[in-house]
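Construct the entire structure; sequences and hints are all you get.
6 is the number of the first residue of the sequence shown in our numbering; add one for each residue after it.
Please note that the accuracy of each hint is not assured.
To be verified - Taking lysine to aspartate or glutamate and the DMTMM-like style, the derived pairs with C-alpha atoms no more than 20 Å apart in a straight line are:
(1) LYS246 x ASP318
(2) LYS291 x GLU279
(3) LYS335 x GLU170
(4) LYS335 x ASP318
(5) LYS335 x GLU100
(6) LYS246 x GLU170
The hints are simulated quantities; they were obtained by calculation from the structure and are not laboratory data.
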Amino acid sequence: MSDITLNTAVASSPEAAPRTPPATVVGPVAWFRANLFSSWWSTAVTLLLAYLVVRWAIGFIDWAFVNAIWSVPNSQTQACRAAHGVGACWAVITEKHRFILFGTYPFDEHWRPALVCVLFVALYIVSAMRRFWRWELALVWVATLTAIGVLMWGGIFGLSYVPQERWGGLPITLILSTFGLAFAFPLAILVALGRRSSMPAIRLLCVAYVELIRGVPLISLLFMASVMFPLFLPEGMNVDKLLRAQVAVILFAGAYLAEVVRGGLQALSKGQYEAADALGLSYWQKTGFIVLPQALRLVIPPLVNTFIGFFKDTSLVLIIGIFDLLTAGKTAVVEQAWQGFGVEVYVTLSLIYFCFCFAMSRYSQNLEAELNRHRRR
Numbered sequence: 006m007s008d009i010t011l012n013t014a015v016a017s018s019p020e021a022a023p024r025t026p027p028a029t030v031v032g033p034v035a036w037f038r039a040n041l042f043s044s045w046w047s048t049a050v051t052l053l054l055a056y057l058v059v060r061w062a063i064g065f066i067d068w069a070f071v072n073a074i075w076s077v078p079n080s081q082t083q084a085c086r087a088a089h090g091v092g093a094c095w096a097v098i099t100e101k102h103r104f105i106l107f108g109t110y111p112f113d114e115h116w117r118p119a120l121v122c123v124l125f126v127a128l129y130i131v132s133a134m135r136r137f138w139r140w141e142l143a144l145v146w147v148a149t150l151t152a153i154g155v156l157m158w159g160g161i162f163g164l165s166y167v168p169q170e171r172w173g174g175l176p177i178t179l180i181l182s183t184f185g186l187a188f189a190f191p192l193a194i195l196v197a198l199g200r201r202s203s204m205p206a207i208r209l210l211c212v213a214y215v216e217l218i219r220g221v222p223l224i225s226l227l228f229m230a231s232v233m234f235p236l237f238l239p240e241g242m243n244v245d246k247l248l249r250a251q252v253a254v255i256l257f258a259g260a261y262l263a264e265v266v267r268g269g270l271q272a273l274s275k276g277q278y279e280a281a282d283a284l285g286l287s288y289w290q291k292t293g294f295i296v297l298p299q300a301l302r303l304v305i306p307p308l309v310n311t312f313i314g315f316f317k318d319t320s321l322v323l324i325i326g327i328f329d330l331l332t333a334g335k336t337a338v339v340e341q342a343w344q345g346f347g348v349e350v351y352v353t354l355s356l357i358y359f360c361f362c363f364a365m366s367r368y369s370q371n372l373e374a375e376l377n378r379h380r381r382r
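What follows is the structure, encoded as structure tokens:
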């Protein structure tokens with residue numbers, strides 16, 4: 006009995022309690038020692054880079070905030086020019102933000118493209134939530150895109166008609182990227198399946214489409230859609246320039262996405278196909294319920310990387326005279342009074358692009374982690 010009491014006392018003593026490892030082995034201190042200060046050479050490089058980063062950050066803060074000029078009376082830029090670049094002239098954004106965001110859209114109707122941007126962002130947020138991944142989401146997309154079209158065009162419900170030539174800025178970028186990727190993704194799936202088809206005609210047609218589109222730059226397709234395509238139309242028939250550019254973007258994005266999807270189909274083990282065949286599933290049942298969900302799960306990073314790339318590539322439509330966000334920003338500083346302050350405009354535009362691209366990147370990381378949770382051990 007005394008031995009049991011002695012063992013119990015030893016087990017409950019502070020010396021027997023589990024101890025945490027020292028901070029030099031695990032934790033932030035250990036990480037810094039292992040990755041940044043592991044040797045004298047690594048320490049020297051770390052200190053040099055830290056010095057450069059801190060010096061650049063201090064200079065940027067002085068330029069962007071401390072010495073910045075936020076507004077000027079009546080577009081008089083003498084104060085900005087007197088700064089000689091020491092401080093940023095954010096007054097150009099204050100004065101030109103409407104033109105940068107909405108282009109040549111009628112000034113009194115700017116609430117309409119602003120509401121369109123809000124609807125696009127709301128549609129992205131709703132579509133990103135997995136609890137809304139039901140067939141009703143397609144109805145939400147149709148209703149939202151219809152409302153966007155009504156707001157941009159007008160002509161009904163008491164809204165004045167605005168031709169597409171007056172559209173510009175952020176709504177054009179969102180329209181081209183959203184419609185482009187929304188139509189290009191199902192096209193890419195069909196092309197990827199066609200490239201693996203057992204029917205030679207379909208396989209050859211899909212291969213020819215992918216190789217032809219991927220073999221030329223997007224600029225050439227935009228030129229073809231803007232200049233060459235109208236030459237083949239009957240006399241008196243005209244297709245809107247924005248629609249022609251949208252079709253070119255869809256075809257180009259579809260070819261690249263098709264190769265990404267095909268990579269996911271090839272990465273899937275042959276046993277999945279054989280198991281689906283053993284269950285007696287038809288081709289479309291096997292593809293829709295077994296093959297495609299797993300293949301798309303494997304290629305989420307390259308898919309989103311392609312989405313981000315095409316979101317930024319919409320700026321190439323400037324070569325055919327469409328005022329997207331980047332073109333509107335460049336045009337905003339053409340005015341004589343604001344020439345020389347393009348850096349502030351480009352910094353603002355880069356922040357807008359960064360917000361959308363970073364949101365897509367973070368969402369893809371979270372989605373990939375959630376869908377592949379069953380793979381963790």
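Enumerate the violated hints, using their earlier numbering and listing them in ascending order. Those not satisfied: there are none.
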